[in-house]
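*Asks:* Generate coordinates for the entire structure from the input sequences, incorporating the hints supplied.
Residue numbers (our numbering), protein chains in the order written: chain A, 1 to 798; chain B, 799 to 1092; chain C, 1093 to 1302; chain D, 1303 to 1467.
No wet-lab data here; the hints were simulated from the structure. Any given hint could turn out to be false.
[Said to hold, decoys possible] Heads up, incomplete: computed chain D residues facing chain A, CB under 7 Å, no partners named:
(1) ALA1352
(2) GLU1381
(3) ALA1385
(4) LEU1386
(5) VAL1397
(6) CYS1407
(7) GLY1443
[Unchecked claim] Quick look at which bits of chain B chain A covers, simulated, 3 or more residues with Cβ under 8 Å:
(8) 914-923
(9) 950-964
(10) 1059-1066
[Claimed, not checked] Calculated cross-link-like contacts (lysine-lysine; reagent style DSS-like; alpha-carbon spacing at most 27 Å):
(11) LYS790(A) x LYS1222(C)
(12) LYS106(A) x LYS93(A)
(13) LYS90(A) x LYS430(A)
(14) LYS1422(D) x LYS797(A)
(15) LYS368(A) x LYS106(A)
(16) LYS797(A) x LYS462(A)
All values derive from a computational prediction rather than experimental measurement. The beta-carbon is built from N, C-alpha and C at its ideal position, and this holds for glycine as well.
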Amino acid sequence: MSKVMESQPAALHDLSSDPRYIGHSPERPSARRLVQGQGCYVDDIRLPRMAHVVYWRSPVAHCRITRINAEFARRMPGVLLVADGEDLAKICKPWVATLGHLANMKSAPQYPLARGRAHWQGEPVVAVVAESRVQAEDALQYLQVEWEPLPAVADMETALDPETPLIHPELGDNLCFQRNLDTGGVDAAFAAADHVLKTTFEFGRHTGVTLEPRCQIADWASAEQRLTVYHSQQAPHMMQDLYARQFGIAESQVRVICKDVGGSFGIKVHAYPDDFATVALSMMLGRPVKFVADRLESFTSDIHARHHRVHARIAVKQDGEILAFDMDDLTGIGPFSMFPRTSAIEGNQVVNLVGGPYKHQQYRAQLKVVFQNKTPTCQYRGVGHPIACAVTEALVDQAARAIGMDPLEIRRRNVIPDDAYPCSGISGVKFESLSHQACLARLENLMDYHALRAEQEALRKKGIYRGIGIAALIELTNPSAAFYGVGGARIASQDGATARLDPNGGVTVMVSVGEQGQGTEAIYTQIAADAVGVDMAQVRVVTGDTEVTPYGGGTWASRGAGIGGEAVLLAGEALRANMRKLAAVILQREAQTLDIHRGSVVDSASREPLCSVAEIGRIAYFRSDLLPRDFTPELSVTRHYAQRDYPFIFTNGVQASYVEVDPDTGFVKLLRHWAVEDCGRVINPRLVDEQIRGAIVQGIGGALLEECLYDAQGLMLNANMADYLVPMCAEMPDIEVAHVETPTRSSKLGAKGAGEAGTAGAPAAVMNAINDALAPFAVSVTSQPLTPQKILQALGKV
Amino acid sequence: MKSPEFDYVKVRTLEQAIALLHANGDEARILAGGQSLLAALNMRLSEPSLLIDIGGLSVLRAIAVHGAFLRIGALATHTDIENSSLVAQHAPLLSLAVGRIAHRAIRNAGTFGGSIANADPAAEWPCCLLALDGWVLVRGPAGERRIAAADFFTGLYTTALADDEILLACDLPLAQRDDWFGFDELARRSGDYAICGLAVALRFSGSVVQSAHLSWLGLASTPLRSRRTEALLAGQPLDAATLQGVTDALLAELDPIADLTHTGATKRHLATVLARRLLEQALATRQGLQPGMH
Amino acid sequence: MELTGEVSVAAARESVWHALNDARTLMACIPGCEAVEITSDTERHVRLLVKAGPVRARFVGKITLSEVVANSACVMTFEGSGGAAGMATGRSSVALHDQDGGTRVSYTATASVGGKLGQIGARMLDAAAKQMADQFFERLSRTLNAPQADAAAPAAGAALEGARVAAPAAGPAATAPAVPSVLGEGTRLLWFAMGCLATGFGFLLATHLH
Amino acid sequence: MADQQTIHLHVNGQAHTGNVAPRTHLIDWIREDLGLKGSHLGCEHGVCGACTVMVDGRIVRGCLTLAVQTDGCEVLTVEGLGALEPARALQQAFVRHNALQCGFCTAGMLMAALELVQNKPYATRAEVREWMSGNYCRCTGYHAIVDAVCEVLAQQMPEPAKGAA
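*Replies:* Given below as C-alpha cells:
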C-alpha cells in the first residue's frame, strides 16, 4: 500500500469570520530583539545596591557539618554577610514536598541551607554575600567548613535493604512512594500468550543543562516591606505563593517578575533551596541580592531526572495481538522530594503511560520510588514519557521480531483505533480523541517506509548495518486540577488573559503563561489578533509579572497553547463583543449588524468599513461625554480557562529513526528522524515543528549521550559541560515533521500540547533503530544511554 | 566562576619572558593561547601570582622550512596550521589531524606550542609530534636546547620542560615522496577529546613498509608509541597477514587506561580497529586504488 | 577509582619498611609533599602541593592507620581537602613480601574525589593515581639504592591548617615538628598523596580545550 | 591587589579605553563595563559557546580570553552585527527559520556562523553542522540553525557556482 488516505475525525472549524493568523507561521515578535542581542535575562539586570551571593555546597554525598568558621571569609574585601542554615531557618519555614493524592508518600523537612547534615553533593550549606561576584568568590576560598563523612545511600537497588542506612531515620525507611496497579488477569494473559518477551531496561540520570543557568535577584524593600524577585522561572505565581508562605508574609507583599528566560524544560519550574536562601539573604541585608548558578554547581544543584530500572514483559499472540504488559519500575530521587511538585510524579507517569497507545486488556505495574544521597530528581521535559515509551515500544519490537511481523504492521494491529474514542486506557487514563492509525499511515508515506526497508536490506548484504526504529506515543497535556490541585499543591491548573483595547486601536493582552523561548507570546499575538479582528502588529502581549497579569499556572505540562491560548481566545472574543456594543452605540446601529474586521468597524453583511477601531477607542476613552449616560464601554476584559472535561487531554504521535551502527566501534550515526504529531489545532506550524525538533534532540541526548555518572560514594564524576555530553550540532540528524490535527472539544481553540512529545518518543525510536540494525547479530541493548561500550559488549567484542 | 587575582605582563622580548619566569619561578605561568590555563583559573584550580603573556612575540608564530625540518612556532594557532600550505606540503599529518581539535573558536586561540607544553595525553599535537619523531626547541636562562619528542613527554601533563624554560618551536622532519600519513580518532562528539586516536607515519620502499610509526592518544598518561608493533611492521608488505599480525601485536602490546565510560579492554579493541582501518587505507593508496592522499 | 599494583624494590623487607617509615625519605619520594604534623599515634596531618599542567592545588588532610603488622603490612584511610577545590577520601592496604634480591610491595587502593576537582578530574583519576604510585616507588627504589640521596628532604616546619579545611591565608600557622620514625607513616603519606594528587590531575582533559 | 591595567581597543567599531583587573575575562568586561549584554555566560569553561565574540576577525571564547589580552584589538559583539552585511543576512535568516527559541545561545551562534560564511562560502550542510558544533543550543535541535546558515551561504554563492552546490 503506497497511497494512504488521511483520516481526520474532528474537522477544524474556523475561529473567526476572518482567520488570518491562527494556523499560519508569522514571524515571532521577540525574534528580532533576540538576534540583535537585546534580550533581558536575569543576569543582565543590575539594581542599585545589588549584592552577589555564592554558596558553599557539600563536596560529598552525605556528611555531618561539624564546624563552620567564617572568621577569615568575613574579613575579605566587600563581604557583607556570611550565613548558614541556622541563620536562615529563623526567617524561612522548612517544607515537606508531598501530594495528598499520592497515597502514603513521604519526605522530610528541607531548609534553604543544610542544617547539621548535608544530604547530597551540591546541597547548599553556607552563603557568602559580597558587593561583587568576584569578591564573593574570593571570600568563599577563605571559608572553613569542617565535616564528618556519613555513609551514603548511592545505589537505588539496595536503598530499601535493611542493612542500608536511613537517610531520614524519622521516616522509618528510604521509601518515598510506591504504587501497584493490576487489572487482575495478567497471569492468565501471559499463560495464553504464544510468546512472552522479557527485558530489563536502564535509564541513566539526566539533567536539563539550560544554557542560561538558574538565576534570580531577590529585592526586599524594607521600607514598604515588599519583596520583588526577578527570576528565571516557569511559574511566577507559584513562586509568589511559596515565597509568601515560607516567609510568612502576604501574597500582596510579593512580586515575581520573569523577563527573558534562557531555556527551562522543567528545570526552572521547581522551588530550590537556594531560591529561598537568596530571598532570605536579601531580607537580612535589606538589599537586592543576585544569585547566578555557575555551570559546575548547576550540575549538582539543578534537578536531575529519569533514573529508572524497569523489568518488563509483554505477552503476544502469534497473529500479532498484544495481550498484556507487566512491569516493575524502580527509581531513585535523591534525599528529598522536590518542592512543591514532588519527585513521585515521574514514576507515577511511567505507571500511567506504559502500553498507552495499545488496546491490550491486561496490565500490571509496580513502582518503587526510593531516597538516595544524590541530587534530587523531579519533573523534566517529558516527565516519565521517555521511559514508558521506550519500555513499551522496545517490547512491541521484540514481540514483532519473535512472531516475524513487520514493526509497523504490529502497531497498526494493536493501536486503539481512531474511531474508538472517547475511551479509557488500560491504566485508567481517559482519552478524548486520538489518531494513532492516521499518524502511522502518515508516517509510512512521510518516510517512504518500504523503500527504506529495501535500502536497509540491500546495504546489509554489503556489510552496512542500518536500522529503522518506530515509536508510537501518547502525551499528557492540558492538565486539569487532577494533576496537582487535588493533591493540595497550590499550583494553578487554570490560566487567565486580559485583553484591552487601547485608545489608538491597539490591543494589549496580559497572560499568566510566560515565554521560555517556545513562542507562546507569538501564538497569543496570533490568537488575539484573529479573535479581536485587528492586525498582529496592533497586538502587544505582556507576560511574566505577577503584578500585571491575571493569576495562573504558568509554563509546564505542555499547557501554554491549550490552556493559556484558550484564555486569550476567550478574552479576545469578549473584547470584540464589547467593541461591537460600543460601535453600535456610537454608530446608532444594532450590534449584530456590526463586526470588527482588520482594524475597522464594518457592516457585518457587506463588510463595508464604517469607522476605525482607533476612532471608537478615542471616543470611549476621551469623549465619554458623547456616550449615553446609561452606557459604559468595557474595553478591558479578563477571561480564565481551566480544562475540566478530562484529567488530561492526551495527544498522540509516532516517530521513526534511521541509524547506521558500526559493529566494529559500536558508534551510531543518526541518519534521519521523522515525527508525525497530533497536537490538535496547530496555531503556528513553524513553532510547533521547532518545538518537536528541539524536544526530539533532547530525547536523543538521553538515548545516546547524556548521563550523570556517579561513583559508589555518591559523587558525580562528570559534572561539567565537557564530560556530561549534551547533543551538539554535528551528530544530530535532520528531522522531518508532519501533522495530523484532531482538535480537542474541551476548548474552543482545540489546541493540545506539543512541547514534550518529541522527547517522549525519540529515545524509543532511536533505541529500536539501533536494535533493528543489530538484529543480524541477534543481540540488543536496552540500557540508555546506548554507548559504544554497551553496544560492543552486546556484540561480544569486548 | 571568576579567576583568582594575578598580575599580568605582556612581554616584548623572549629574554624578558625568560627573566620573569626565572625570577618568579613556580608563581608565574606562561600565557599563550590560554585555552586550558584560563579555564583552570576560572575554576580556581590554580592561583599563580603572575601571568606572562607571550602572545605579542610574533617571532614565535612563524611556520617555515629550516633545512630538513618544518619549524612550527610555539604561537602558531591551530587555525594557522589548518590554513598553512607549508604544513599541507611538508607535514601533511598535521593537516589531517587539525580538524579534529575542538572547534573553530578554540582553534583560533589555542596554540601548537601550548598544546605540546600542556602534554595532554588525549591531545592531537603531542601524538603527532611523537609520530613524526619531531623535536622540541626550548630556551631558558642557560640558553637553547633541543629535546626529542620521545624524551619530551614524561608523564601526565608533565614534560621535560624546566620551570624557567619556554617552548619556542617544534621541528618536524619534512615529508618524503615515499611517506604515507594517516590520522583517525574515535570521539562520541565532534571536537571532543577522543576515546582513542592514532597517528600513522609509514615510509615505504616499493610495496614494503620500510619504517612504521604508530602513535596513540587517549590510551595512557602520555602520548604513546607502540614500538613492538612498529618493529613487526618494518620490512613487511602491507598484506592481509601483516594486518592480522598488527592486530595481534597491538592486543599484546597495548594496556590502555579506562575513562569514565570505556574500559581499557574497549579502548584496546578500538585501537586495533583504528590501526586496521588506517593501514588498509595506506595499502589502498599505495596500490593506487584511490588517489594518493598526499 | 580502584587501583592495585605490585613493585619490586631491591632492598630487604626490613629496610623497605624502615624507609617507608622515615618521613624525610617519604617527602623526598612523594612529589609535592610539603609538611607533616603528628596529631596522634595513629593520625597525621599532611600538606601537599599538587602540580599538574596549570593546576596548582594545595591539599591538607588526615591519614589514619590501622591493622599494622610491623615489617609486613598496614591499612590506611585518608581524607584530604583542597578547600573549595575539592576533597579526596580513600582506603588502601599495603603488604611487603620477601623475594629474591629484595622486596615485593603489593598494594590496593580505592579513592573517591569530591568537590570541584572530582566534578572535572574524575576521568583521569586512574591514570593519575597509577602514575603517582609508579613515581613514588621509582623514587623509593632510587633512594634505597643510594641511601644518602634523600638526606636533604624539604618541608620541615611548614605551616598547616586543620584537617579538611584549606584556606591559603587562614588559620594559625602550626609548626610541624620533625617526624620521628612511626610505623606506616610513609605508606599513609603515599596513599593520602595518591588520593590528593589524583584529584589534581585530569580536569584539563575534562575541559576539552587545547 | 593586582594593579588595574589600561587597555585601548575598538568594540563594534567604537574606540574604548578601559581600566581592568588582569583577571577580568573579556566577556565580563564587555557585559559589566560596557553594558553590552547581548553576549552571554553559559559555562565559563569554554565549552558552550554562548560567550563567543570576534577578536580581530576571528571567533574566540569570551570566557577564555582576558580583557587585557585584547589591548589594541578590534572586538565585534552581537550588538555590532547590524552594520555588517553577511551578519544582517544571518540575523534575518535566523528570524525567518526560527533558528532561535530562548535566544541565549543566539549571539554565539551568529558569531560562529559569521566566520563560517566569511571563510567557507562553499560549505556543505554537513560542514555547516560540523562548524557550528562548537556552540550549544538546548532549544532548537539545531535543524533550523543549519537551515538558516545554509540559506545565507546559498544567497551569497556567486551565480555560476549555485548549480554545482
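*Asks:* So, for every hint listed, does it hold in this structure?
*Replies:* Evaluation of the provided hints:
no. : hint                   : verdict
1   : ALA1352                : holds, 6 Å
2   : GLU1381                : holds, 5 Å
3   : ALA1385                : violated, 11 Å
4   : LEU1386                : violated, 12 Å
5   : VAL1397                : holds, 4 Å
6   : CYS1407                : holds, 5 Å
7   : GLY1443                : holds, 4 Å
8   : 914-923                : violated (count 0)
9   : 950-964                : violated (count 0)
10  : 1059-1066              : holds (count 5)
11  : LYS790(A) x LYS1222(C) : holds, 26 Å
12  : LYS106(A) x LYS93(A)   : holds, 18 Å
13  : LYS90(A) x LYS430(A)   : violated, 46 Å
14  : LYS1422(D) x LYS797(A) : violated, 40 Å
15  : LYS368(A) x LYS106(A)  : holds, 12 Å
16  : LYS797(A) x LYS462(A)  : holds, 20 Å
Of the numbered hints given earlier, the model fails hints 3, 4, 8, 9, 13, 14; all others are met.
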